[in-house]
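**Student:** Fit chains B and H to the supplied structure of chain P, relying on the hints for placement.
Below, each chain spelled out in residue letters.
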Amino acid sequence: MIPAPFDYVRPSTVDEAVQALAAAGEDAKVLAGGQSLLPVLRMRLAAPTTLVDLGRVAELRGVREDGDTLVIGAMTTHYDVQRDALVAEHAALLKGATDTVADPQIRHRGTLGGAIAHADPAGDLLAPVLALDASLVVAGPSGRRTVPAADFFRDLFTTALAPDELLVEIRIPKHTGWRAHYEKFNRVTQAWSMVAVAVTVRTEAGVIEEARVALTNMGSTPVRASGVESALVGVQASADSIAAAASHAAEGTNPPVDGNADVEYRRHLAKVLTGRAIAAAAGA
Amino acid sequence: MTATIEPEVGKSRRRKEDERLITGRTRWTDNITLPGLLHMAILRSPFAHAKIVSIDTSAAKSASGVIAVYTAQDLDPDGAIGMPCAWPITPEMKAPRRPVLAAGTVNFAGEGVAVVVARSSAEAHDALEEIDVEYDELPVILDLEAAIADGAPLVHEDLGTNTSAVWKFDSAEAGTGGNVEDAISSSEVVLKRRFRQQRLVPAFMEPRACVVDPTSTQITMWSATQVPHILRVMSALTLGIPEHKLRVIAPDVGGGFGGKIGVLPEEMMSLLVAQKLGKPVKWNETRSETMLAAHHGRDQIQDITISATRDGRVTGLKVELLANLGAYNGLVGPGVPILGAFMFNAIYKIPAYHFACTNVYTTTTLTDAYRGAGRPEATFAIERIMDELAVELGVDPLELREKNWIKHEEFPFTTVCGLTYDSGNYEAATEKAKQLFDYDGLRAEQEKRRASKDKVQLGIGISTFTEMCGLAPSRVLGSLDMGAGGWEYASIRMLPTGKVEVTTGASAHGQGHETAWSQIVADQLGVAFEDVEILHGDTQSSHKGLDTYGSRSLVVGGIAIVKAAEKVVAKAKPIAAHLLECAEDDLEFAGGKFTVKGTGTSTTMGDVALATFFAHNLPDGVEPSLDSDATFDPENFSFPHGTHLCAAEVDTETGRIKLRSYVCVDDVGVAVNPLIVEGQVHGGLAQGIAQALFEGTEHDESGTLTTGTFADYLLPSAADLPSFTTDRTETPSTTNPLGAKGVGEAGTIASTPAVVNAVIDAVRPFGVNDIEMPLTPMRVWHAIQHGTTDAGGPGRDEAGGGLGSIDATGGAQ
Amino acid sequence: MRITVTVDGTKYTDEVEPRTLLVHHLREKLGKVGTVVGCDTSNCGACTVHLDGHSVKSCSVLAVQADGCEVTTVEGLARDGKLHPVQQAFHDNHALQCGFCTPGMIMQSIDLLADNPDPDEQAVREGLEGNLCRCTGYQNIVRAVRDAAKHMSPGAGPEAERIAENKHVGVGGD
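Chains as they are written, first to last, in the working numbering: chain P, 20 to 303; chain B, 19 to 831; chain H, 5 to 178.
No lab work stands behind these hints, which were simulated from the structure alone.
Here the structure is a predicted model, which is why all the values come from computation and not from measurement.
Some clues are possibly wrong.
Unchecked claim - Each pair of labels, with its calculated beta carbon distance range:
1) B:806 with P:271: 26 to 32 Å
2) H:122 with B:426: 53 to 59 Å
3) P:170 with B:784: 40 to 46 Å
4) B:413 with P:107: 52 to 58 Å
5) B:784 with H:155: 45 to 51 Å
6) H:72 with P:83: 21 to 27 Å
7) H:72 with B:171: 57 to 63 Å
Claimed, not checked - One side of the interface only, derived from the structure: several residues of chain B facing chain P at Cβ under 8 Å:
8) 304
9) 720
10) 737
11) 738
12) 740
13) 741
14) 790
15) 796
16) 799
Built from N, CA and C at the ideal position, the CB exists for glycine as well.
Looking at chain P on its own, in the form it has when it is part of the complex (with noise of 0.2 Å):
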């Protein structure tokens, strides 16, 4: 279908694009990729008035070394982050997931930014933004903030955005060398995920050191599998350590009910997931 009609202001700059979106009031909406928005209003499941483009914000695109941070542009490809040495080396965790996002023509498209500020719960990028430990820089009228990943998701579709403010770069401490793997499990390649986890661990002579585990789709946000984080910590990685610590991976969880998967085998997917992954990841 086509979106109804709107308005739409084409800012360069950061500051413009703030500027237009507290301008253009409270039904604005700002286009990133605009892989999740245009679908939604070709739907007409929303009628913004104006669509502030971030397309042509120079700034916000790029991924750079800030000494022990890796800081993306918000407007930064799917595709452009697939490809980034920088990404690989030091948060292989988000290239893995990036790998599965959607299809080709989506990736070239869509934005890591867009796909953090639209906060789908069946996402796959929240989950390892959220497992990296990521801060997410935040621009509005009264200037920049910082907001941790763990703060930021705060319902579904919901974040700690502010109407009038953007999110202009995704600031990820740098998990250099650290293995990573996301499992993805849906009914069809094009679909969302069911139910997703996200590890990167930090390994030593087959002994995980450190380990960050996230769950996607198993709550109305990405939810840390802390049990499983530290029941890793210091454990050779074998079958039947890995399925122990994956047993914690339900835990504190309140996963949606759909038609894909009801809570019993969301909860039984999660911990078999999570050991695939965490397998998939130390090389076990």
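**Tutor:** What follows is chains B and H alone, placed relative to chain P:
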């Protein structure tokens, strides 16, 4: 021409159709634009069942770009127009009037309530939001068994019932077999099973569209339809338009699969609106509209009883179906389950058979033909229960089938339904399939995995099928009360320069008729493949036909071409003899040449065509024309068959299914174009596998279709399907001169039970003997854990995934 | 808003509503009907074109976002009447039946080969996961893509599609 020309029939010719399609020089209905074209958008009911209290179109009428807004009151004030149903399966069948736009009541979510006509499609859609409709909701009827229970709320009050018709066949009564109750009561083994054929969406890639131009001498309607001829005559009958003043064109059509067999309210609306305004109008649907408003397929509850001797001979088969028509009778909807009535006995010699189908109305989108139309449902039921019977008897499922199937030497064979299968060789197809599949090797692997309690189990699924296609001998259709014949038409025009124009009544939407018919004509007339032009789809040029469905185009339409070509040759012969100054009997015709027997003296078909055109020197009494036509009515259905073997791995920890291999050996008689045949099989397999594993509509308790987009209704991409190993045996048909059998639906008919049988086979050690389609991972896992067959259903919570909601405040997207 | 888009080598300047999808701009304003719309939710991929050298679903791009960019559609592939190797391979391998998904399938296949000039079967299937076909069952499409790969020079990617001559077609109105 040389005498050593290879026959065209049997060649894997690349297609003539491709050139335009791969370069984007296409003629989809939505591509068509005309001066002053207006655009229609339809307001559809969000409620599955409601009285329309009021419709206020005043605001919409004054919206930007809007020319008119119509309701049923405007287009059909007398309530006289009813959408046609061409298949009243019984004299008592209920026939609720299906209006062009809802009149007073809406009976399914998606039924059209009003239509906006505007200068642009965007403006037409914008104006939909300005229409104010007040509804009074009525009870929703979704469940088949609840619908026929006493005291059930009615879809159509005036019918007094939700039962549309009951259709029965009994072999004892028909004199074609024994009494099934006697057989069941006297048999050592009796199995009863209930299977569910879920509702599917045909999901052709091109959404439907229609353009009507009332300004030309014949009112011209372009429509993305499979049935331009049927659409023409039905539109004339439905709206009272003189048939000779109506021209229907199916331009390029992007897939149909039965889903574009229809006479649509939207097409009728377009005709009415265009005539009212005196201007061309276009209706072009969105995918969301297609999902909701285009007819659905399948949707049956099947109660199957099979009886057998302890040593594995089937003695009786009883089939009781509940079939969901949806809210109305589709063009052939009531007949779809009946088409399967004669196929439950399949390839087997079953002495006694009983079939009963109850067609039921519910407040849902209507159902009608979808690839296989009744026969996939039948094949599924019999092939599933044969596997269950094999387990019950403790025998190998292939051995059980072989014990009961019709042997090669027994053809032609008249079945317990009274159908005569002309030819077949189930032994040869099965033997080839087993070898290609490594049946014994996979059984051995299955044993090993079972013994070691491997987390990944292996299952082997079998489907040995036949089907009845090539619709159809007209007399049989008459005996089934189908409101049309089953003949097909072709005409051949011999042009002066030696080229050939052929019109066919078949209406391709991907099947490659232009190529295959050119091959047939090339062989028949000895002209070059490139020198043949096939015209189709336009009632002004290919004026006569019964269109494409039911795997009929080759075995009925192709034979019409053969017959027409024979007439051309027969007309050419006396002219050739005259030119060569010999007797007709002295001439033989081969490779496009008439040659005087025993000499080198000859003249080509092209020479004869030119001479006929000049008409300077023709024999007395001969018309100066070689052009001929033929209307061919087949004497029997076509009975392709095949053996399909599927190896499925089941990850018992997650319920995920992986198709390890899929082998099929199909027998479609003589193949005109093996490449096209193979392509039809591939596509059919994909759809049958998708029914088994991925597809299925879901409605919530208010009757809203919750799988209303491609984000929720899951079609497989290339990444979700394996490569197939396909092969053929060739047992020619004995009922047509080409020896060909239909192939269009075979892959779909066979594959669904092959896949389901494979998965059940894999998890049988866990005590599972059925899982309902689609076999989602959760269903499989729950079956293993808890023995349930149908885990899952509409969700409880608002979940992520897909469009979601961005009403939530705070959240730049 | 006034936008300029170069499509299949020709520059077009037009006044468009911001809500106009790129696919509708191509089809309705520029007459490029070779690219089609198959769904509402960005699943089917029938609308796939190349935007500045990368495949995109043109139903999920606004025309205004394509301002100043280069678009290649299926209609811009053939050179001097000679088919692109992928087009040829689709024909040779019977990789289409009704043809509706074909333009998108061809455009995505070209993109996939630009990123991976010698894909195995699995890589082709995954590379086409954003394109639905209801007719072919995909098998011949996969065969065609691997066949095309053999006939294409390595690295013939986005650069190969830039056309030297740009014709400006003046300003269209709304």
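**Student:** Does each hint hold? Answer for all of them.
**Tutor:** Verification of the hints:
| no. | hint | result |
| --- | --- | --- |
| 1 | B:806 with P:271: 26 to 32 Å | holds (27 Å) |
| 2 | H:122 with B:426: 53 to 59 Å | violated (46 Å) |
| 3 | P:170 with B:784: 40 to 46 Å | holds (45 Å) |
| 4 | B:413 with P:107: 52 to 58 Å | holds (56 Å) |
| 5 | B:784 with H:155: 45 to 51 Å | holds (50 Å) |
| 6 | H:72 with P:83: 21 to 27 Å | holds (26 Å) |
| 7 | H:72 with B:171: 57 to 63 Å | holds (59 Å) |
| 8 | 304 | holds (5 Å) |
| 9 | 720 | violated (16 Å) |
| 10 | 737 | holds (4 Å) |
| 11 | 738 | holds (5 Å) |
| 12 | 740 | violated (13 Å) |
| 13 | 741 | violated (16 Å) |
| 14 | 790 | violated (13 Å) |
| 15 | 796 | holds (5 Å) |
| 16 | 799 | holds (6 Å) |
Of the numbered hints stated above, those contradicted by the structure are hints 2, 9, 12, 13, 14, listed in ascending order.
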